[in-house]
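Undergrad: Chains as they are written, first to last, in my numbering: chain A, 5 to 104; chain B, 2 to 235.
None of these hints come from the bench; they were simulated from the model.
You may find that some hints are simply not true.
Here are the simulated distance ranges between beta carbons [what the hints assert, rightly or not]:
#1 211(B) / 5(A): 32 to 40 Å
#2 6(A) / 110(B): 37 to 45 Å
#3 67(A) / 11(B): 43 to 51 Å
Don't be surprised by glycine CBs; every beta carbon is placed ideally from N, CA and C.
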Amino acid sequence: MSAEATAYLTIFLMAAVTYGTRILGAELMSFIRITPRIEAFLKSMAISVMVAIVASAVAQGGFRENTATLVAVAVMAVTRSAIAAVTAAMATAAAWSWLI
Amino acid sequence: MPNSQTANVQLTMAGAVRGARSLGPISLFVIPFGIAFGAAAIERGVTPDQSIAMSLSVFSAAAQFAALDFWEGPLPTLSLLLTVLAVGTRLILMGATLAPWLNRLSRPKRLLALSVLSDVNFADSYDAFRRDDRDVGRLVGGGLALCICWALGTAIGVIAGASLGNLERFGIDVVMVAFFAAIAVGQWEGLQDLLPSLVAATVAVLGLTLLPPGWNIVLAAIAGGIAGVLWHEC
Chain A
5 MSAEATAYLT IFLMAAVTYG TRILGAELMS FIRITPRIEA FLKSMAISVM
55 VAIVASAVAQ GGFRENTATL VAVAVMAVTR SAIAAVTAAM ATAAAWSWLI
Chain B
2 MPNSQTANVQ LTMAGAVRGA RSLGPISLFV IPFGIAFGAA AIERGVTPDQ
52 SIAMSLSVFS AAAQFAALDF WEGPLPTLSL LLTVLAVGTR LILMGATLAP
102 WLNRLSRPKR LLALSVLSDV NFADSYDAFR RDDRDVGRLV GGGLALCICW
152 ALGTAIGVIA GASLGNLERF GIDVVMVAFF AAIAVGQWEG LQDLLPSLVA
202 ATVAVLGLTL LPPGWNIVLA AIAGGIAGVL WHEC
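Okay, chain B solo, but in the shape it has when bound:
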């Protein structure tokens, strides 16, 4: 990336406020997902304290829902952790994608900022960094807003989950996918994005049935990246 596009990267409170504002509305929609997790966790025998501790410290819907599948009897810790790793692999790719900006910060700042990296603030920050808002505070503020709402939802879910009924009737279930679709459209720069997108979509869909949960996204992202390099060089 040309140096001019990654110069002057900062980590400020003002940036954090912008990130929290930008993702505030989406964060509110995370609460129902937290409720769904809290209710499911209680059903699987996770205690209320453990459920909330998990949402605050792990802060990954995909990893936490996957973990519930293993949550019975003597915990099969190793296979559970391998699944968490598999689901989290896509965070490695997102961190690498943000690296041209993040790595302009000192290592302690970077390690702190990345503790709240998730799919949603990744998409928001990547978008903002490319539009010249090069403040990693944006990632942190957005991440904190998401994490607080996720934990708050979990707390509501463990207390009252069963009595709230189905939240689908409010259309909340489509929020996350609609958000990613919107950001992808916003990022679209033309023909050079077509081949990576087609490759990624194909691999993701084929991988759904052929691979363990989560791996299809990882493989699709790498395949799409390679397709982009081929397009760039041919």
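Chain A on its own, in the form it takes in the complex:
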């Protein structure tokens, strides 16, 4: 197979694998009755995914990035607006880059 064809086949397979992961969770759950225990699991898993993404980023982030994340948390806690939180975090990081 030519390198070109192999590349496109690989991209197609990447897309197929990723689509498989997108549909698999809901498909598996269609065979499971949602008991209060499973509901508690899913609910905690939802917040855990988000906390895990943030925690990994904070562990790898510098002072600038982590200050911006902290600003997002504070602004969200006060305003309850995700857009306001993200904008404030961005402004913090941009200002940091300009000033320092």
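Add chain B to chain A, keeping to what the hints say.
TA: Just chain B, lined up with the frame of chain A:
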């Protein structure tokens, strides 16, 4: 989940418009990430057509950046696909989390709607479904907005990536993490979320150095879910 909270799930155009509106601003911030991917892909020898095709069909920043690490010589397709699978495992968990609502739709509708599932519209839809906006169109509209911006960014990146310079000075690099932090704060319901969050954060950070890329999030999500069950039952 009580039936009343998952009844009347729909998939409508109006819902899609709400999803696209809700994630419109964040989607615009995805463009610079697309640019970064496009520029990196060209550097690794991926052609412009292949880069754009990849962004449209795979639509996963994590999977695509991971794939670039493998992109040389004769492609090591199997290890590349295993990495894509590992990175995508968290999508399985997100799909399962949305299942109480998604599975109220017919299977064809569900399979179509899930084709644009990503971290960002997962967070937005989960939030909306729990606030009683039970329209899966929201997931689709948000996902399409994200996917279009991701592919558009990629196209700009492959054409002009090298000449745009560093986008960090605009603070764009902090957008995604700030978004997830904000949604997590918005979802916070009190003490019962504390234990899962602490467990998830600990596992995610420890897993960073101990596990292959992506697996730390998966393990953290499962550990956090188990912690939530223990809290619920003890």
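Undergrad: Would you mind marking each hint as holding or not holding in the structure?
TA: Here is what the structure says about each hint:
no., hint, in the structure
1, 211(B) / 5(A): 32 to 40 Å, "holds, 37 Å"
2, 6(A) / 110(B): 37 to 45 Å, "holds, 39 Å"
3, 67(A) / 11(B): 43 to 51 Å, "holds, 46 Å"
The structure meets every hint from the earlier list without exception.
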